[in-house]
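Visitor: Starting from the known structure of chain A, arrange chain B on it as the hints suggest.
Heads up: the protein sequence lines correspond to chains A and B, in order. Just so you know, we're using this note's numbering here: the first sequence kicks off at 1 and counts up by one. Just so you know, we're using this note's numbering here: the second sequence kicks off at 1 and counts up by one.
Do not take every clue at face value.
Copies of the same chain look alike in the list, so a pair counts if it fits in one copy or across any two.
Unchecked claim - Below 27 Å or equal to it, Euclidean Cα-Cα: the simulated BS3-like pairs (lysine-lysine) are:
#	residue 1	residue 2
1	Lys311	Lys186
2	Lys311	Lys117
3	Lys186	Lys62
4	Lys246	Lys267
5	Lys40	Lys206
6	Lys206	Lys31
Derived by calculation from the structure, the hints in this document are not laboratory data.
Okay, here's what each chain looks like letter by letter:
Protein chains: 2
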Amino acid sequence: MGSDNNPEPDVAGAVMAAREFEETIILVGDKTQIEAALAKQDTTGLSLEIVAAGQSVIMTDKPSEVIKTKPDSSIHVGLQLVKNGEAAAFVSAGNTGAVLAVAMLRQVGLGRIPGVKRPGLGVIFPIKERPFLIDNGANADCKPEYLLQFGLMGSLYMERMLNIASPRVGLISNGEEEGKGTALIKEAGPLLAASGLNYIGNIEPKEFMNGAAHVAVADGFSGNLVMKTAEAIARYMADALRDEIKSNPVTALGGLLAKPAFGRVRKQLDPNEVGGAPLLGVNGVVIIGHGRSNAYAIKQAVGQARLAVEKNIVEAIAAGIKQ
Amino acid sequence: MGSDNNPEPDVAGAVMAAREFEETIILVGDKTQIEAALAKQDTTGLSLEIVAAGQSVIMTDKPSEVIKTKPDSSIHVGLQLVKNGEAAAFVSAGNTGAVLAVAMLRQVGLGRIPGVKRPGLGVIFPIKERPFLIDNGANADCKPEYLLQFGLMGSLYMERMLNIASPRVGLISNGEEEGKGTALIKEAGPLLAASGLNYIGNIEPKEFMNGAAHVAVADGFSGNLVMKTAEAIARYMADALRDEIKSNPVTALGGLLAKPAFGRVRKQLDPNEVGGAPLLGVNGVVIIGHGRSNAYAIKQAVGQARLAVEKNIVEAIAAGIKQ
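The shape of chain A in the complex, shown without the other chains:
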């Protein structure tokens, strides 16, 4: 029941995932709505289950309110399935703040992996080099040790999920030189340098876009601003180009001929292509998709969750944090 157009894309994506991965997908939410959406799909031979949840969380719900007033939400019910071992992972395209808040609570969600100070939300940036940014908004205010752990968890994630040996880890700052940045950055740098990670120091946004680091560490406020600025300017440029191209018949013809190239760039920058954002540091696999996810993006997020289970990401983080 998570995506902006739920439950259609969520259910259609689950059906795609059940077919492609030959796994059982449990759909959590309003039974009547899910059944209606399923009836539109060909589910022959697929393993799909429905688990009812009495409440659903909408995008405008405040996370703190969800915890108080919606104990039977599809987020709660889905996370409980993971906690009880009835599901291997939880995927949602829903209210990110609510998923984060519920997942982090030990009682109703999954709680943290022992030793993890703050779970971090990671995201694979939809640019050619596919760098991983962590934290992307779970923690606005951070301490240096949180950033150290984001680096560690991000490195383990990229190593296991993408088979990158010794991923390069950078710290997002407003200058490459050591000593550039906030007090937080200046304290986190030496911790990362002494961590045994393949730490390359401060990186600026342009190095991030160039793929200088496989893992870019940021506090959740800065990380979220970087991601949202990138999305906003990409949209701005696409709109500006379209307007300028359409403003004159010759450029309009050129635009028509060049359309496949625009399409390829758009596809390259499409967040649907890279799946969802893993919430690293909680005691279970949780993947959060974009609210705008279509069925394909949901399927990709399920695939990502499946791989994270197969690669024992949670166990790897638990072992890495313990060291």
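Guide: Same frame as chain A, now just chain B:
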């Protein structure tokens, strides 16, 4: 002696400015180099002076080192001219950190306007709506009162320089809802709301790009990340489009026909078009240009400095801060 290719663009821009504005331009730096660059220009009837400075600051110089080791730099000498009333404003395309550091010092630079806690570096974003972002990197670590003053100074700047009555002021955050953001943002919001400014609350990067606010307030770390991310992704998209268009003869032909449209978007996003970044809160007009400034950008920055003097920006900020 400021720009990456100094002194050619700086001198050529000064000549353009002297001609267009019919003002005296004082060139500060290495006399021999400046004279050689001037010899290539037609300066007939223009009022140009040279004031020698024994040292010049390069991009890799650390601001703290410049203060200690280069007391006769062109930055020091130029700022002293303003302090002594021999020049009305200082323009540099040089090492931003060094200009900031020297300008803020009362002894060797200009010092702060009484009551200003921290000068802020403003920048007009080169997008259609031309929003003003402050602080763009002068202060990585900020207190809520600094953000309040950035809002006030930015609002006065946009009101006077662009004749915008009651500019809308927003606070850059990772969510529009009140209560989103770091502890700093949560404390600065109420101060701005009570300030008498036309405060519209938190804005996300997409609202910033849409021109929701005329003035976007940020701590220098976040503001700098937003600007550098926008620059990096714009460059990334331009490169990706060029590569995709060239990859096939049909799209390549389309790209050729659409070229003027690309050119117009590039011009729209060209930082050279919007002049330099004003350092607001110091006791004099200081405009800092991009290191990549060409002659036209230098001329624009001089024009901006001239307008700031004419509009009594320093006096307006002094009066506004006093209230």
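Visitor: For Lys186 vs Lys62, is the C-alpha pair at or below 27 Å within one copy, between two copies, both, or neither?
Guide: between (33 Å within a copy, 16 Å between copies)
Visitor: As a check of your reading, is Lys206 near Lys31 (CA-CA no more than 27 Å) within one copy, between copies, both or neither?
Guide: neither (47 Å within a copy, 36 Å between copies)
Visitor: With identical chains, the pair Lys311 and Lys117 could be close in the same copy or across copies; at 27 Å between alpha carbons, which is it: within, between, both, or neither?
Guide: within (23 Å within a copy, 52 Å between copies)
Visitor: First find the shortest C-alpha distance between Lys246 and Lys267 inside one copy, then the shortest across copies, and answer within, between, both or neither for a cut-off of 27 Å.
Guide: both (21 Å within a copy, 17 Å between copies)
Visitor: Regarding Lys40 and Lys206, is the shortest C-alpha distance of 27 Å or less found within a copy, between copies, in both, or in neither?
Guide: neither (45 Å within a copy, 36 Å between copies)
Visitor: With identical chains, the pair Lys311 and Lys186 could be close in the same copy or across copies; at 27 Å between alpha carbons, which is it: within, between, both, or neither?
Guide: The answer is neither: 33 Å in one copy and 40 Å across copies each exceed 27 Å.
Violated hints, in rising order: 1, 5 and 6; the structure is consistent with all others.
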